[in-house]
Every structure is written in C-alpha cells, then in structure tokens.
Amino acid sequence: MEFELKTRNHKELLDLVSLRVLSGDDPDVKRGKPAPDPFLVTMNRFEQKPEKAENVLVFEDAANGVRAAVAAGMRVIMVPDLTYMKVPEDLRDKISAILESLEDFKPESMGLPAYD
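Position 100 (the sequence shown) corresponds to 100 in full-length UniProt numbering; numbering is contiguous.
Watch out, some of these pointers could steer you wrong.
Said to hold, decoys possible - In silico SDA-like pairs for lysine to any residue, Cα to Cα no more than 25 Å straight-line: (1) K6 / D104; (2) K52 / D26; (3) K6 / T42; (4) K106 / V79; (5) K94 / P107; (6) K52 / R31; (7) K94 / N44; (8) K86 / S109; (9) K94 / G111; (10) K94 / R75; (11) K11 / G65; (12) K33 / G73; (13) K33 / V70; (14) K86 / A35; (15) K6 / S23; (16) K52 / D37; (17) K30 / E47; (18) K30 / V41; (19) K33 / A97; (20) K49 / A114; (21) K106 / H10; (22) K49 / R31; (23) K52 / E108; (24) K94 / V56; (25) K6 / I77; (26) K6 / V17; (27) K106 / R92; (28) K33 / V79; (29) K6 / L82; (30) K86 / V58; (31) K33 / K94; (32) K94 / F59; (33) K11 / Y115; (34) K49 / P34; (35) K33 / Y84; (36) K106 / M85.
No wet-lab data here; the hints were simulated from the structure.
Kindly produce the complete structure, drawing on both the sequences and the hints.
So, in structure tokens, the structure goes:
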C-alpha cells in the first residue's frame, strides 16, 4: 500500500518497468540497503542474466542505495537531490557519475548505445 501511495503520480513511467523488487515486501530480500541484497535479488531475476554484477548499471538517489549497489559489485550513477544532501566523500570514488537529473544521462558515456 505504501508503494502505491508513493508511486501513484508516476504510474505511466513505472508501467514501462517490467521487473520491480520491493525490498520491504519481498521475501527473498533478507536485508535492505545498504546491504547488497535488493540489487542482487533483482539481478538474479533478469530474463537475460548478466555474466557479472559489474555489467549492471544502477541509478540511485541516496547514499545507502549507492553503498548497496557498490557492495553488490555494480556500477552506479548517483542522481541526488543536492538541495537536501551532499554526495558523501567516502562514495565519490565509487560512483561512475553524478548527475543533476536523469535527463542528463548519456548512455554512450557508459559504453551503451546512444539514444536514437
């Protein structure tokens, strides 16, 4: 129910996401962030499983989410709300990129195909 309340204004966007793991409600997620469990469970549910965790790119807005993705061995792009938080110094060298907005993401910067 809480997830529905938080996401009701983003239904159209979330309908584009075929796989969602809600760590608080998922029995396979034993520990929440900053533990890697939510990301590892999600990766293991991909239809096309990556050969290794470092082939997964995570977008995160929170420090504990970044810590979880790093602990899972994944690459992380942080998109923090800089009006409320600073990027923790201990994470700066672990983050692949820091963006002000998801609209600033350039896939080719991460070795992915550019947008058409």
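Results for each hint:
no.: 1; hint: K6 / D104; in the structure: 24 Å, holds
no.: 2; hint: K52 / D26; in the structure: 23 Å, holds
no.: 3; hint: K6 / T42; in the structure: 20 Å, holds
no.: 4; hint: K106 / V79; in the structure: 13 Å, holds
no.: 5; hint: K94 / P107; in the structure: 19 Å, holds
no.: 6; hint: K52 / R31; in the structure: 21 Å, holds
no.: 7; hint: K94 / N44; in the structure: 23 Å, holds
no.: 8; hint: K86 / S109; in the structure: 23 Å, holds
no.: 9; hint: K94 / G111; in the structure: 18 Å, holds
no.: 10; hint: K94 / R75; in the structure: 8 Å, holds
no.: 11; hint: K11 / G65; in the structure: 22 Å, holds
no.: 12; hint: K33 / G73; in the structure: 14 Å, holds
no.: 13; hint: K33 / V70; in the structure: 11 Å, holds
no.: 14; hint: K86 / A35; in the structure: 21 Å, holds
no.: 15; hint: K6 / S23; in the structure: 15 Å, holds
no.: 16; hint: K52 / D37; in the structure: 15 Å, holds
no.: 17; hint: K30 / E47; in the structure: 22 Å, holds
no.: 18; hint: K30 / V41; in the structure: 10 Å, holds
no.: 19; hint: K33 / A97; in the structure: 20 Å, holds
no.: 20; hint: K49 / A114; in the structure: 22 Å, holds
no.: 21; hint: K106 / H10; in the structure: 23 Å, holds
no.: 22; hint: K49 / R31; in the structure: 22 Å, holds
no.: 23; hint: K52 / E108; in the structure: 20 Å, holds
no.: 24; hint: K94 / V56; in the structure: 14 Å, holds
no.: 25; hint: K6 / I77; in the structure: 22 Å, holds
no.: 26; hint: K6 / V17; in the structure: 16 Å, holds
no.: 27; hint: K106 / R92; in the structure: 19 Å, holds
no.: 28; hint: K33 / V79; in the structure: 17 Å, holds
no.: 29; hint: K6 / L82; in the structure: 21 Å, holds
no.: 30; hint: K86 / V58; in the structure: 19 Å, holds
no.: 31; hint: K33 / K94; in the structure: 16 Å, holds
no.: 32; hint: K94 / F59; in the structure: 13 Å, holds
no.: 33; hint: K11 / Y115; in the structure: 23 Å, holds
no.: 34; hint: K49 / P34; in the structure: 23 Å, holds
no.: 35; hint: K33 / Y84; in the structure: 19 Å, holds
no.: 36; hint: K106 / M85; in the structure: 23 Å, holds
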